[in-house]
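Undergrad: From just these sequences and the hints, can you work out the full model?
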Amino acid sequence: MPVLSDKFQNLTTGRLDLTPETRLGLTFLASIFSLVMADSLSLGIILSASVIYLMLEIRLKVVLIVYLVFLGMATTAAFGLWLLGFWIEAMKNQPARLAVLPFVRVLISLNTVLPLALHTQLSSLTLTLNRIYVPGIIKLPFLIIVRFIPTFINDVQQLREAVAIRFCGHSGVVFWLRRPRLWWRVYFMPLVVRLIRSADELALAAELKGLSASTDFGTAPLVLGPVDKMVLVLSVTVITIATLVGKYKAGG
Amino acid sequence: MKGLSNFRAKVKDILDGQRLFSTHELVVVGIFAAGSRATTLMVALIGGGMNPLTMVVRSAVHSALLVVLLAKVSRTGALTMANLVGGLLAFFLMGQAMVALPAIIAGTLAVEILIRALGGLEKRPALGALAVALSEFFTRMINVGVSYLTFREQPAMIIMVLVITAVSYFGILLGLFGGVSMTRELKHAGLIG
Numbered sequence: 001m002p003v004l005s006d007k008f009q010n011l012t013t014g015r016l017d018l019t020p021e022t023r024l025g026l027t028f029l030a031s032i033f034s035l036v037m038a039d040s041l042s043l044g045i046i047l048s049a050s051v052i053y054l055m056l057e058i059r060l061k062v063v064l065i066v067y068l069v070f071l072g073m074a075t076t077a078a079f080g081l082w083l084l085g086f087w088i089e090a091m092k093n094q095p096a097r098l099a100v101l102p103f104v105r106v107l108i109s110l111n112t113v114l115p116l117a118l119h120t121q122l123s124s125l126t127l128t129l130n131r132i133y134v135p136g137i138i139k140l141p142f143l144i145i146v147r148f149i150p151t152f153i154n155d156v157q158q159l160r161e162a163v164a165i166r167f168c169g170h171s172g173v174v175f176w177l178r179r180p181r182l183w184w185r186v187y188f189m190p191l192v193v194r195l196i197r198s199a200d201e202l203a204l205a206a207e208l209k210g211l212s213a214s215t216d217f218g219t220a221p222l223v224l225g226p227v228d229k230m231v232l233v234l235s236v237t238v239i240t241i242a243t244l245v246g247k248y249k250a251g252g
Numbered sequence: 001m002k003g004l005s006n007f008r009a010k011v012k013d014i015l016d017g018q019r020l021f022s023t024h025e026l027v028v029v030g031i032f033a034a035g036s037r038a039t040t041l042m043v044a045l046i047g048g049g050m051n052p053l054t055m056v057v058r059s060a061v062h063s064a065l066l067v068v069l070l071a072k073v074s075r076t077g078a079l080t081m082a083n084l085v086g087g088l089l090a091f092f093l094m095g096q097a098m099v100a101l102p103a104i105i106a107g108t109l110a111v112e113i114l115i116r117a118l119g120g121l122e123k124r125p126a127l128g129a130l131a132v133a134l135s136e137f138f139t140r141m142i143n144v145g146v147s148y149l150t151f152r153e154q155p156a157m158i159i160m161v162l163v164i165t166a167v168s169y170f171g172i173l174l175g176l177f178g179g180v181s182m183t184r185e186l187k188h189a190g191l192i193g
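Sequence lines, in order, name chains S and L.
In this text, residue positions in the first sequence follow the numbering used here: the first is 1, and each later residue adds one.
In this text, residue positions in the second sequence follow the numbering used here: the first is 1, and each later residue adds one.
Hint data in this document are derived by calculation from the structure and do not stem from the laboratory.
Any given hint might turn out to be false.
[Stated by the list, open to error] Covered stretches of chain S, going by a simulated chain L footprint (3 or more residues, C-beta under 8 Å): (1) 100-113; (2) 183-190.
[Claimed, not checked] Straight-line C-alpha distance at most 35 Å; calculated DSBU-like pairs for lysine-lysine: (3) S:209 <-> L:12; (4) L:187 <-> L:123; (5) S:61 <-> S:229; (6) L:187 <-> S:209; (7) L:123 <-> S:209; (8) L:12 <-> S:229; (9) L:10 <-> S:209; (10) S:249 <-> S:229; (11) L:12 <-> L:123; (12) S:229 <-> S:247; (13) L:10 <-> L:123.
[To be verified] Among the chain S residues that face chain L by a calculated CB cut under 10 Å, a handful are: (14) 135; (15) 180; (16) 194.
Backbone N, C-alpha and C define an ideal beta-carbon position, used for all residues, glycine too.
TA: If you want it as structure tokens, here you go:
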């Protein structure tokens, strides 16, 4: 049975052997501090650190593709802003340096979340959720989500083929644009029926196996390797330096 | 100390036991959250992220699924669970969702309390659509707040975010109708109790 991370195996380098907690911590630190900081130099320091981290974790090809997509989205947003500039006076005389900062924040967040998303395997995720005391009623649905998404994508493909057979090959965007109501009936409705069916089946299977929110999925003590410690110390150092730089610039 | 450990054991019993939700309900919540995320992702991939049509369809699908979920699991707390689990997934896909998550949970809980005061989903399942409409409204407002923090150097960006939010909320309202009619049909088919 495919699990998400199995498909991502060839996207990562595996150069850094980190525990999921370290990656989670880095993502958390990056998203908090990139929101708090307002100075361009400190954000620049954090950005370069996060790019180094990303390069160590993810294959260059994947990084390039993700950055291209990001560039496309940022260009669309910038174009929208440029259009809005005709109506709003405050927008016109803004320094370019400030205009870039928002995108830098998003990019920092993206840089740290990619390794987390592509590296995490279902088994290690279970252990991590146990270690950070996620209660059973959240853990069980969450694990089901991660496990179920590939199956669901499979379902959608089957439905798509069925629709293509019945409506002489019209199944894609054209069909959706031309007959939205029919799309809802022949495409979305069966999908929901399918969802409910598989929910009932999976729930029955889980109950028969004695699986519930109180099931102990097993724990293992958290072992931080030398690489983890080094990365954590380095990231705290980088954040401290960035904060100090921001303070110094604001003060003098 | 004994009191504290007793309290912890009690909390653990409530959170891990079957008292709040049965396994069946948890599985249903998980699967609907997965379905909603995956469909919205797929619609976004097919139609491109930033065009208004895709956004309307995406949120319509999302809210229709939530309405069906609330019809299937008609209990106080089901909506909060769905948002919580979906938010956790969003965090793994996009880091900044973590900042918004506590506020989203608080907003959804407030909506649940309101619904409870109006009679509760158990007695009046028709309130599900109202619950979805209100909680999505709160969630969107909180997300606008978070994006204000991200984009605070560009005030015009917030206006754009507001326009996008309004468009996608229109989709949510459309989806409510779809969800309600779908629920009726599913009940007729015997798939929802």
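Undergrad: Each hint should be assessed against the structure and marked as holding or not.
TA: Structure-based check of all given hints:
1. Restraint check on the region 100-113 of chain S versus chain L: 8 residues with Cβ-Cβ distances below 8 Å, three needed, restraint holds.
2. Residue count for the region 183-190 of chain S with a Cβ under 8 Å from a Cβ of chain L: 3. That meets the three needed, and the coverage hint holds.
3. With a C-alpha separation of about 22 Å, the suggested pair residue 209 of chain S and residue 12 of chain L falls inside the 35 Å cut-off, and the hint holds.
4. Between residue 187 of chain L and residue 123 of chain L, the direct Cα distance comes to roughly 16 Å. Compliance with the 35 Å bound is thereby established for this hinted pair.
5. The suggested pairing of residue 61 of chain S with residue 229 of chain S holds, with an alpha-carbon distance near 28 Å, which does not exceed 35 Å.
6. A C-alpha spacing of about 29 Å is found between residue 187 of chain L and residue 209 of chain S, which places the hinted pair at or below 35 Å, so the restraint holds.
7. Pair hint residue 123 of chain L plus residue 209 of chain S holds up; C-alpha atoms about 32 Å apart against a cutoff of 35 Å.
8. The suggested pairing of residue 12 of chain L with residue 229 of chain S holds, with an alpha-carbon distance near 31 Å, which does not exceed 35 Å.
9. For the suggested pair residue 10 of chain L and residue 209 of chain S, the alpha carbons sit about 25 Å apart, so the restraint of at most 35 Å is met.
10. Between residue 249 of chain S and residue 229 of chain S, the direct Cα distance comes to roughly 30 Å. Compliance with the 35 Å bound is thereby established for this hinted pair.
11. Proximity of residue 12 of chain L to residue 123 of chain L is assessed by CA-CA distance (about 29 Å); at most 35 Å being required, the pair is judged to hold.
12. For the hint pairing residue 229 of chain S with residue 247 of chain S, the CA-to-CA distance comes to about 27 Å; that is within 35 Å, so the pair holds.
13. Of the pairs offered as hints, the one joining residue 10 of chain L and residue 123 of chain L holds, with about 29 Å between alpha carbons and a cut-off of 35 Å not exceeded.
14. A hinted interface residue such as residue 135 of chain S counts as satisfied when its beta carbon comes closer than 10 Å to some beta carbon of chain L; here the least separation is about 4 Å, so the hint holds.
15. With its C-beta approaching chain L no nearer than about 8 Å, residue 180 of chain S sits inside the 10 Å limit, and its interface hint holds.
16. Look at residue 194 of chain S: its Cβ gets to within about 9 Å of chain L, closer than 10 Å, so that hint holds up.
Checked against the numbered hints above, the structure violates none of them.
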